[in-house]
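> Sequence:
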Amino acid sequence: MNQLIKIGEFAQLNNLSIQTLRYYEKIGLIYPVKVDNLTNYRYYDLMQSSVLDMIQFLKSLDFSLEDIKEILNRHDNLEFLQHTLIEQQRELEQKQLQVEMKISQIEAFREATHIYENSRTSNDIELIKLPKRNIIKFSIPDNIYDITAEKYEYHLRQFKKYLATNFPFIPSCSRIGSVMDQYQIKTGKLVSKELFVFFSTKQKALFKESKISASLDSLISGTYAVDYCDDFSKESEAIKKFKEKIDTKNLEIIGDYVCEIIYEVPQLHQTKRSMYIRMQVPVKQKRGL
1 MNQLIKIGEF AQLNNLSIQT LRYYEKIGLI YPVKVDNLTN YRYYDLMQSS
51 VLDMIQFLKS LDFSLEDIKE ILNRHDNLEF LQHTLIEQQR ELEQKQLQVE
101 MKISQIEAFR EATHIYENSR TSNDIELIKL PKRNIIKFSI PDNIYDITAE
151 KYEYHLRQFK KYLATNFPFI PSCSRIGSVM DQYQIKTGKL VSKELFVFFS
201 TKQKALFKES KISASLDSLI SGTYAVDYCD DFSKESEAIK KFKEKIDTKN
251 LEIIGDYVCE IIYEVPQLHQ TKRSMYIRMQ VPVKQKRGL
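Using this note's numbering, you'd call the opening residue of the sequence shown number 1 and step up by one each time.
The hints are simulated quantities; they were obtained by calculation from the structure and are not laboratory data. Treat the hints with caution; some may be incorrect.
[To be verified] Label pairs and their computed distance ranges (CB to CB):
1. E91 - Y43: 15 to 25 Å
2. H83 - E126: 51 to 61 Å
3. A164 - L13: 44 to 54 Å
4. Q96 - L13: 41 to 51 Å
5. E91 - K160: 23 to 33 Å
6. L130 - L65: 45 to 55 Å
7. Q89 - S274: 41 to 51 Å
8. M47 - L78: 36 to 46 Å
9. E91 - G188: 49 to 59 Å
[Unchecked claim] List of simulated lysine to any residue pairs, SDA-like, C-alpha gap at most 25 Å:
10. K129 - Q3
11. K160 - K243
12. K249 - R175
13. K249 - E264
14. K245 - K160
Treat the numbers as computed from the prediction; the structure is a model and nothing was measured. A virtual CB, placed ideally from N, CA and C, is assigned to each residue, including glycine.
Based on the provided sequences and hints, a complete structural model is requested.
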């Protein structure tokens, strides 16, 4: 029999605490070879370190102690091991995707902050090339331009619940917007009953297939006329001025109007939303007479 060593030395050699070894014993992961009946000292065989090496390795792969115990108890069942490893890989890949999405959201937030900072003093429209953008739509019964801020907030809560239920990986309060048919902005009869939020191609991979078709849409790529508005209550009037600026530049509206809340960081004790809105609509240059 190999020379036995006390729990303290065994713990030190394996870079663990005594408390951890006692806990592993309690849950049946690794037992001391000998327990002194008089002193209650626990002794281990140095060769048991291989068990701890495997425990630490599997922990580094985010396996739970319960899973690790099952793997070690069924060490000769390769089919079980393969299945467990595949499941863990899938779980880690999903976590990785979630981290990537959070990083993407931070980048989008930084971009929005930059846009806010650089557009506040602008008095003219911009022409910006925008790519195709994926959106999740949510219909409401009321015209956004006829309702109070409180009613809008109520519909926003409903949209947030809808996203949480059907698209849990979408940040439900990130750059929410609304869409209005191009006919409405051309005629000045402002009617919009659809909210939206952006989503990425990577996020789509996490959606439940049964929920996809009804709500998904996209905003067309192309050249957009862009202007800004600093208050939800001012948007209707701002849209009219936006349309006048477009006409002045001899531009033709060729797609739906998009209202995007580009920046919003509320104060702690305020009861009103501080929205900074990016108004945008696809355009092209009119042909000369």
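> Now tell me, hint by hint, if it's right for this structure.
We went through each hint and held it up to the structure:
1. The hinted window of 15 to 25 Å between E91 and Y43 is violated, with their beta carbons roughly 38 Å apart.
2. Hint check: H83 to E126, Cβ distance near 55 Å, so the stated range 51 to 61 Å holds.
3. Remark: the range hint 44 to 54 Å for A164 to L13 is upheld by a beta-carbon distance near 49 Å.
4. In this structure the hint that Q96 and L13 lie 41 to 51 Å apart at CB is violated, the actual value being about 34 Å.
5. The supplied range of 23 to 33 Å is met by E91 and K160, whose beta-carbon atoms lie about 27 Å from each other.
6. Range check, L130 to L65: about 50 Å between beta-carbon atoms, so the 45 to 55 Å window is met.
7. Checking the proposed 41 to 51 Å range against Q89 and S274 shows it holds: the Cβ atoms sit about 44 Å from each other.
8. Restraint check, M47 to L78: a C-beta distance of roughly 24 Å breaks the suggested window 36 to 46 Å.
9. Remark: the range hint 49 to 59 Å for E91 to G188 is upheld by a beta-carbon distance near 53 Å.
10. Taken as a hint, the K129 and Q3 pair is broken in the structure, with Cα atoms around 74 Å apart against an allowance of 25 Å.
11. A threshold of 25 Å between alpha carbons decides the hint, and for K160 with K243 the separation of about 31 Å lies outside it, so the pair is violated.
12. Simply put, K249 and R175 have alpha-carbon atoms about 28 Å apart, too far for the 25 Å limit, and the pair is violated.
13. Between K249 and E264 the alpha-carbon distance is near 30 Å, which puts this suggested pair outside the 25 Å criterion.
14. Restraint check: the Cα-Cα separation between K245 and K160 comes to about 34 Å, which exceeds 25 Å; the hinted pair is violated.
Checked against the numbered hints above, the structure violates hints 1, 4, 8, 10, 11, 12, 13 and 14; every other hint is satisfied.
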